[in-house]
Amino acid sequence: MLQTALTHSSYANEMNGKVDYNERLEFLGDSVLGMITAEYLFTHHPEMPEGKLTKTRASMVCEKSLHKFAQSIKLGEFMYLGKGEINTGGRERPSILADAFESVIAAIYLDAGFEEAKKFVLGFISNADIEEPVITDYKTALQEIVQKNPGEYLEYFMVGESGPDHCKTFIVEVHLNNNVIGTGEGRSKKQAEQMAAKATLRLMGIKV
-10 MLQTALTHSS YANEMNGKVD YNERLEFLGD SVLGMITAEY LFTHHPEMPE GKLTKTRASM
50 VCEKSLHKFA QSIKLGEFMY LGKGEINTGG RERPSILADA FESVIAAIYL DAGFEEAKKF
110 VLGFISNADI EEPVITDYKT ALQEIVQKNP GEYLEYFMVG ESGPDHCKTF IVEVHLNNNV
170 IGTGEGRSKK QAEQMAAKAT LRLMGIKV
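Note that my numbering has the sequence shown beginning at -10, numbered continuously upward.
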C-alpha cells in the first residue's frame, strides 16, 4: 500500500499498467486530511468563526503547505516516477509531492485506522504557522459580511469611464442599501467592482 502511495501515474504508464498508482489514495487522503485539520482547528481555536475556520483550513492543506510537509520527510526521494518526470524535476514538483503526501495519509488510514493517520498529520499541522488567510476575491468577502445582516443588500454601479477604446478605465461604486460605501477603478468593469469592494473592506478595518 505504501508503494502504491508513492507511485506516480507516469511510472505506472511505463510499466504498462502492471502496477497501481496513487490517484485513488490521493482522493481518500484529501478527505482524511481535511477532517483531521478541521477537528484540530475547531478544538484548538474556539475563538475562530466559521468563515475563518474554513479559510484557515484551506491555507493549511493547500498544495504549498503539503509540498513543505513532503519535503520535510524527503518524500520525493522515495517516489516511483517515470523517466520523463525524473528528468524534469518531478521529485521536487509541488503538485506531485502534495498528492503523494495525501496518498501516504490514506495508506496509513487504511492500514492502521483514523487515530494513527491523525497522529501522522498532527505531527505536521500542529507545528505549522497559521497564516492569516489572504483575501483575493474582495466582492465575495464583502458579500459574506453583508449577508450576516438580513435585509441588507449590495449593488454595483458603473459611474464613469475614460480613455481610448483599447485602454479604458472604468469607475464603479458599490452601494449598500442605496448608499455609496466604496469606489474603485479598473481596466474592466469586473476589476473596478473588485477594487470598489476592496476599498470598502479597508474602510471596515479589514486587512486586505
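Keep in mind the hints are simulated off the structure, nothing from the lab. A portion of the hints provided could be inaccurate.
[To be verified] Here are the computed lysine-lysine pairs in the DSS-like style, where the Cα-Cα straight-line distance is at most 30 Å: (1) K128 - K178; (2) K57 - K107; (3) K63 - K107; (4) K157 - K44; (5) K137 - K157; (6) K179 - K107.
Everything numeric in this text was worked out from a predicted model, so none of it was measured.
For each hint, the structure was consulted:
A threshold of 30 Å between alpha carbons decides the hint, and for K128 with K178 the separation of about 13 Å falls inside it, so the pair holds. Under the criterion of a C-alpha separation no larger than 30 Å, the hint pairing K57 with K107 is consistent with the structure, at around 18 Å. Taken as a hint, the K63 and K107 pair is honoured in the structure, with Cα atoms around 20 Å apart against an allowance of 30 Å. With a C-alpha separation of about 34 Å, the suggested pairing of K157 with K44 is violated against the 30 Å cut-off.
Among the hinted pairs, K137 with K157 is inconsistent with the structure: their alpha-carbon atoms are about 35 Å apart, more than 30 Å. Straight-line distance between C-alpha atoms of K179 and K107 comes to about 42 Å, which puts the hinted pair past the 30 Å bound.
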